[in-house]
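One-letter residues, chain by chain:
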Amino acid sequence: MDYFDLLVKVAVFPGMAFITMYAYFVIWLERKLLARVMLRIGPLHVGRVAGVLQVMADFIKLLGKELIIPYRADRFLFISLPVVAVGVASLPLAAIPFDEYWVIFRSEFSLLYVFAAVSLAPIISLLTGWASNNKYSFIGGLRAAYQLLGYEVPVFLSLASVAILSSSLDLMQIVRSQSNLWFVFLTPMGFIIFLISSLAELERSPFDIPEAEQEIVAGWMTEYTGISFGLFYLANYIRLCIVSLLVTSLFLGGWFGPAFLPPMIWFLLKSGSIACLIILIRGAYPRVRMDQLLRICWRFLIPLAIANLAITAIAAALITGKPFMVW
Amino acid sequence: MSFEAEAMIIKEIEARFHGAVIEAKVQRKRRIAIEAGKEWMRDIAKYLKERFDFAIVVSVSAIDLVQERQFAIVYHLWSPSHRNLTALRTKVPKDSARAISLTPLFESANWHEREAHELYGIEFDGHPDLGRLLLPEDWNGGFPFRKDFKLAE
Amino acid sequence: MSTIRLNWGPQHPITGHLRFILDIDGDIVVRATPDIGYTHRGIEKLAENRNYVQIIPLVERICNVDSFNVSLGYVSAVEDILGIEPPIRARFIRVIMAELNRIMSHLYWLAIFGVAAGLFTLIMWPIADRELFIDLAEMVTGSRVTYTYFTPGGVYTDLPEEFSERTLKTLDYFEKRLKDYETIFLHNKLYQMRTVDVGILSFNDALKFGVAGPSLRGSGAKIDVRQDEPYAAYDAVEFEVPVEASGDSYARAKIRFSEMKQSVSIVRQALKQLPSGPIRVKMPSVVLEGEAYTRVESGRGELGCYLVSNGRTQPERLKLSTPSFRNVSALAYMLRGVKVADVPIIYHSMDIWPLDADR
Numbered sequence: 001m002d003y004f005d006l007l008v009k010v011a012v013f014p015g016m017a018f019i020t021m022y023a024y025f026v027i028w029l030e031r032k033l034l035a036r037v038m039l040r041i042g043p044l045h046v047g048r049v050a051g052v053l054q055v056m057a058d059f060i061k062l063l064g065k066e067l068i069i070p071y072r073a074d075r076f077l078f079i080s081l082p083v084v085a086v087g088v089a090s091l092p093l094a095a096i097p098f099d100e101y102w103v104i105f106r107s108e109f110s111l112l113y114v115f116a117a118v119s120l121a122p123i124i125s126l127l128t129g130w131a132s133n134n135k136y137s138f139i140g141g142l143r144a145a146y147q148l149l150g151y152e153v154p155v156f157l158s159l160a161s162v163a164i165l166s167s168s169l170d171l172m173q174i175v176r177s178q179s180n181l182w183f184v185f186l187t188p189m190g191f192i193i194f195l196i197s198s199l200a201e202l203e204r205s206p207f208d209i210p211e212a213e214q215e216i217v218a219g220w221m222t223e224y225t226g227i228s229f230g231l232f233y234l235a236n237y238i239r240l241c242i243v244s245l246l247v248t249s250l251f252l253g254g255w256f257g258p259a260f261l262p263p264m265i266w267f268l269l270k271s272g273s274i275a276c277l278i279i280l281i282r283g284a285y286p287r288v289r290m291d292q293l294l295r296i297c298w299r300f301l302i303p304l305a306i307a308n309l310a311i312t313a314i315a316a317a318l319i320t321g322k323p324f325m326v327w
Numbered sequence: 001m002s003f004e005a006e007a008m009i010i011k012e013i014e015a016r017f018h019g020a021v022i023e024a025k026v027q028r029k030r031r032i033a034i035e036a037g038k039e040w041m042r043d044i045a046k047y048l049k050e051r052f053d054f055a056i057v058v059s060v061s062a063i064d065l066v067q068e069r070q071f072a073i074v075y076h077l078w079s080p081s082h083r084n085l086t087a088l089r090t091k092v093p094k095d096s097a098r099a100i101s102l103t104p105l106f107e108s109a110n111w112h113e114r115e116a117h118e119l120y121g122i123e124f125d126g127h128p129d130l131g132r133l134l135l136p137e138d139w140n141g142g143f144p145f146r147k148d149f150k151l152a153e
Numbered sequence: 001m002s003t004i005r006l007n008w009g010p011q012h013p014i015t016g017h018l019r020f021i022l023d024i025d026g027d028i029v030v031r032a033t034p035d036i037g038y039t040h041r042g043i044e045k046l047a048e049n050r051n052y053v054q055i056i057p058l059v060e061r062i063c064n065v066d067s068f069n070v071s072l073g074y075v076s077a078v079e080d081i082l083g084i085e086p087p088i089r090a091r092f093i094r095v096i097m098a099e100l101n102r103i104m105s106h107l108y109w110l111a112i113f114g115v116a117a118g119l120f121t122l123i124m125w126p127i128a129d130r131e132l133f134i135d136l137a138e139m140v141t142g143s144r145v146t147y148t149y150f151t152p153g154g155v156y157t158d159l160p161e162e163f164s165e166r167t168l169k170t171l172d173y174f175e176k177r178l179k180d181y182e183t184i185f186l187h188n189k190l191y192q193m194r195t196v197d198v199g200i201l202s203f204n205d206a207l208k209f210g211v212a213g214p215s216l217r218g219s220g221a222k223i224d225v226r227q228d229e230p231y232a233a234y235d236a237v238e239f240e241v242p243v244e245a246s247g248d249s250y251a252r253a254k255i256r257f258s259e260m261k262q263s264v265s266i267v268r269q270a271l272k273q274l275p276s277g278p279i280r281v282k283m284p285s286v287v288l289e290g291e292a293y294t295r296v297e298s299g300r301g302e303l304g305c306y307l308v309s310n311g312r313t314q315p316e317r318l319k320l321s322t323p324s325f326r327n328v329s330a331l332a333y334m335l336r337g338v339k340v341a342d343v344p345i346i347y348h349s350m351d352i353w354p355l356d357a358d359r
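So the protein sequences, as listed, match chains A, E and Z. For the first sequence, my numbering begins at 1 and goes up steadily by one. For the second sequence, my numbering begins at 1 and goes up steadily by one. For the third sequence, my numbering begins at 1 and goes up steadily by one.
I should point out that these hints are in silico values taken from the structure, not numbers from a laboratory. Do not take every clue at face value.
What the hints assert, rightly or not - Partial list, computed: chain Z residues near chain A (C-beta under 10 Å): (1) Ser-2; (2) Arg-5; (3) Leu-6; (4) Trp-8; (5) Pro-10; (6) Asp-27; (7) Val-30; (8) Gly-114; (9) Ala-128; (10) Ile-184; (11) Leu-186; (12) Asn-188; (13) Met-193; (14) Val-286; (15) Lys-339; (16) Pro-344.
No residue lacks a Cβ here, since even glycine has one placed at the ideal position from N, Cα and C.
Build out the structure end to end from the sequences listed, making use of the hints.
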């Protein structure tokens, strides 16, 4: 095992440095794109071109702010959770293939690993809400846990349909089997279900219930100031980037595209467009209520996902003549 | 100008509460004013509500009459069907400022009476909850809207 | 089952300057106690130390986003006591400015109500469109809010030359924008999910608690001061008063939308019919003695101004019965048994302006 190779991949590309840069880009993109939807302009002056350095300026400002730990908060959790959040948010990156060569960790079960790593996030929200010793945070943390009940199953079921189509749980294999036709055309319903459930998972509009500013100030993040808040913010956007990379790998054919651009660029372009879509959804829809979200998930998304899974499995069996998954 | 609808209401009130009404007159279009003793307020208001559909108390004002050493309490009632606003006025002495609350009849008078109690110090008998409304919880500086309360220079 | 006591406000992104003490059991609000008074300035007491013209800017500050309507109430009370009536042109100008102010007030409401459900786009668009109407008011009066334009006897200055044309252009643009707002707001399925059947106020309860304005008309009661006792020039223009029967937050939102459309139509009619003539009558040199109660329909509902004068230069008593004060008392009852996420929706559908409630 080439340790230097691994180090470069983990630290630089496609590891921490890259995902931080990508999150930086998506934060800037959200501020500009959302501003245009709202008839504003967004950052303009900091950084010569279109305010690109605004995010950096805000980050430096956050570094200079006082870290306030509330009375009787759990100090250890309070201080360590933001860093843990960034780490946990970046975990799925280990298995996502950017190219035939650029992948940190190959395994036959990388899709399962990615699903498990992504599901860790609500635990961080719940712990944060508990550790802050604040009623608003507590309610926000509980809401994050309730939201988990809604979106987990549809995510899993739509991932299962992708696994059936590619006969493998290996992300590399899943991308490779889309070389002729992207899975979004084979299972469009699975794509839509995965996208909607991912919005709930990311706690983004219209499902940003744990962070409902109008009801519980800032939800589980209420007591966090300064760089702790900055790290949570970064973790949030890292998760968004990871989801956009996942959606591209699972449904949009990964790095496959016409030859006039290198495959890596195609991968980044496609995930960038998914990030744009997620950002634009935030500008157009209000928040749903928790019970309405759970109703949508249980009465609508889960049956649809089960139907999608069944149709995919039957179609795969009929076309290939083989039952279900072939290992 | 003759205000027939208003004059009719005045006539019926005077006929029904003959002797209790101190003064009842038409002020202008859609405005009549009735003054009575404080023990008659509830009966007159009840009659207005049931006979003329005066359903809403839109305002309860307390006026500090310095010379007479009295508080005037004015209830304004609105009748949606007759489109008439009646000012129902009574006077209570300043030293023992107790009035009869109209809240059991009109829930819309609830907060207005609460405010009058807080700012003038008038007790309303029969009011369900005369708690703090506008002033801070730890206020003990007297009754601000009385004329003898001096604002800070 | 023990309940959590949550302070909703006053340091809060969305409540404005008041507080609700919510007792929450799980996700249900068991009790909601409104706590107003954070911005109580004692305007009624201050008015007893000022003469009648000095009170006009004082009274405007009880609702600075809607100050044409508020000052109209006070100025009409002074006129009633004096027994004078403003000239016909002044009355039409009053109608025009009051209706433009109603549009401004409803746009501000739309901004806050849009964000109450978490959509920030709906705070940016109405505030931007409101700027156009503020420009119109600035053209006439010189200020953006709190105009001090109405005076007993008429209005201070006449409308400038280009006002009529610019207003009509703004109204044409605004009518198109209203269609955009309807698409993104009224016909948005997610908004309907959040507001339909939320915060139902029945007809009897609305009358019982003395609720005023669009909140009252949303429960089926057709009470609007402009038609019950027309003031200014409202009897010379034709307009409808929208009424909805369902009594939920969606009905109240729909009514405010319809009111904006009706205001556009009223301003158009008034501009067309605007007669020429003087804009003020000469004030009689008598002292004020008597009392008057005027009602006007401000953006939030019926505002009552009770003025008692006793022959001196300062009034004996000025009492303002504001719509927000009446609506907040109903909220203690409406917020019982609802989910926590519905609290901002219901609260903002009643369009409470805390400065209005506190005076």
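Quick one: which hint numbers does this structure break? Sort them smallest to largest.
Structure breaks hints 1, 5, 7, 11, 14.
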